[in-house]
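S.K.: Sequence:
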Amino acid sequence: MSEWEKLENECRSCQACALSRTRKNVVFGVGSREAEVLFIGEGPGANEDAEGVPFVGAAGKLLDDMLEMIGLKREAVYIANIVKCRPPQNRDPLNVEKDACIGYLRRQVALLRPKIIVCLGRIAAMELIRENFKITREHGQFCEKNGVLMTAMYHPAALLRDGSKKPEAFVDLKALQEKIREVCVRTPIEFD
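Just so we're on the same page, the numbering used here is the position in the sequence shown counted from 1, plus 165.
One or more hints might be untrue.
[Stated by the list, open to error] In silico SDA-like links for lysine to any residue, alpha-carbon gap of 25 Å or less:
{"id": "1", "residue 1": "Lys-299", "residue 2": "Leu-324"}
{"id": "2", "residue 1": "Lys-226", "residue 2": "Ala-340"}
{"id": "3", "residue 1": "Lys-330", "residue 2": "Arg-177"}
{"id": "4", "residue 1": "Lys-330", "residue 2": "Thr-301"}
{"id": "5", "residue 1": "Lys-330", "residue 2": "Glu-303"}
{"id": "6", "residue 1": "Lys-331", "residue 2": "Gln-306"}
{"id": "7", "residue 1": "Lys-331", "residue 2": "Ile-294"}
{"id": "8", "residue 1": "Lys-189", "residue 2": "Arg-239"}
{"id": "9", "residue 1": "Lys-344", "residue 2": "Arg-278"}
{"id": "10", "residue 1": "Lys-280", "residue 2": "Lys-189"}
{"id": "11", "residue 1": "Lys-280", "residue 2": "Gly-236"}
{"id": "12", "residue 1": "Lys-344", "residue 2": "Ala-275"}
{"id": "13", "residue 1": "Lys-331", "residue 2": "Glu-240"}
{"id": "14", "residue 1": "Lys-171", "residue 2": "Val-195"}
{"id": "15", "residue 1": "Lys-171", "residue 2": "Phe-193"}
{"id": "16", "residue 1": "Lys-339", "residue 2": "Ser-197"}
[To be verified] Simulated restraints, written as ranges between beta carbons of each label pair:
{"id": "17", "residue 1": "Glu-355", "residue 2": "Trp-169", "range": "20 to 30 Å"}
{"id": "18", "residue 1": "Lys-226", "residue 2": "Arg-346", "range": "24 to 34 Å"}
{"id": "19", "residue 1": "Lys-171", "residue 2": "Asp-327", "range": "38 to 48 Å"}
{"id": "20", "residue 1": "Glu-170", "residue 2": "Glu-333", "range": "37 to 47 Å"}
Just so you know, the hints here were simulated from the structure itself, not pulled from any lab data.
Don't be surprised by glycine CBs; every beta carbon is placed ideally from N, CA and C.
Using the sequences and the accompanying hints, generate a full structural model.
M.R.: Here is the structure:
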């Protein structure tokens, strides 16, 4: 059994917080385990909980469209979340829930060894970049943490709620595309 399989099995049987009692599925992550680019959201919604896959609803469709805009395919990146089980009513994950799950994400990062981590939304950015991260002011900016380039973008669900942020998101995507071209040697940027 590979380290990935061990980690996924351990995660799927997790009961470290109350979310384990209300979930339908653990949403471990999806994509290439050789990916140089890792996208991290906050947690699964109802569609993701039902299917066990991150970003499958309307926000997932928008994420796929965003990736396509810069020549990326979902299969070429890895997509995960801060918490692996759905918070009820899509509320923000509680600290106790994030604390219970963060070890799984850290181990995913250690196995993946990405060159770029993209935090999708404020929750992921505040957990991974800086506790007082302000998504409205700092989205699209890159920093380095533990040898990995990190950035944050508006969460696709936020873009669906407020379309006025889409032009800023497009600028952030183009900056990401440029960084991928600079530092990622195995990530194909292809347009159909």
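S.K.: Taking the hints in turn, state whether each one holds.
M.R.: We went through each hint and held it up to the structure:
In summary, the hint linking Lys-299 to Leu-324 is supported, as the alpha carbons are separated by about 16 Å, within the 25 Å threshold. Under the criterion of a C-alpha separation no larger than 25 Å, the hint pairing Lys-226 with Ala-340 is consistent with the structure, at around 21 Å. Under the criterion of a C-alpha separation no larger than 25 Å, the hint pairing Lys-330 with Arg-177 is inconsistent with the structure, at around 35 Å. In summary, the hint linking Lys-330 to Thr-301 is supported, as the alpha carbons are separated by about 9 Å, within the 25 Å threshold.
For the hint pairing Lys-330 with Glu-303, the CA-to-CA distance comes to about 13 Å; that is within 25 Å, so the pair holds. For the given pair, Lys-331 sits about 16 Å from Gln-306 by alpha-carbon distance, which is consistent with the 25 Å threshold. Only pairs whose Cα atoms come within 25 Å are accepted, and Lys-331 paired with Ile-294 is accepted, the gap being roughly 22 Å. For the hint pairing Lys-189 with Arg-239, the CA-to-CA distance comes to about 24 Å; that is within 25 Å, so the pair holds.
As the CA atoms of Lys-344 and Arg-278 are separated by approximately 16 Å, the hinted pair is consistent with the 25 Å bound. Between Lys-280 and Lys-189 the CA atoms are separated by roughly 32 Å; this puts the pair beyond 25 Å, and the hint is violated. Restraint check for Lys-280 and Gly-236: the C-alpha separation of about 18 Å stays at or below 25 Å, so the hint holds. Distance check on the hinted pair: Lys-344 and Ala-275 sit about 21 Å apart at the alpha-carbon level, within 25 Å; holds.
Proximity of Lys-331 to Glu-240 is assessed by CA-CA distance (about 24 Å); at most 25 Å being required, the pair is judged to hold. Taking the CA atoms of Lys-171 and Val-195, the gap is near 16 Å; set against the 25 Å cutoff, the hint holds. Using a Cα cut-off of 25 Å, the hinted pair Lys-171 and Phe-193 holds, with the two alpha carbons roughly 12 Å apart. Among the hinted pairs, Lys-339 with Ser-197 is consistent with the structure: their alpha-carbon atoms are about 22 Å apart, no more than 25 Å.
At about 26 Å, the CB distance of Glu-355 to Trp-169 agrees with the hint of 20 to 30 Å. At roughly 25 Å, the beta carbons of Lys-226 and Arg-346 sit within the given window of 24 to 34 Å. For Lys-171 and Asp-327, the hinted distance range of 38 to 48 Å is satisfied, since their beta carbons lie about 41 Å from each other. Restraint check, Glu-170 to Glu-333: a C-beta distance of roughly 39 Å satisfies the suggested window 37 to 47 Å.
Of the numbered hints given earlier, the model fails hints 3 and 10; all others are met.
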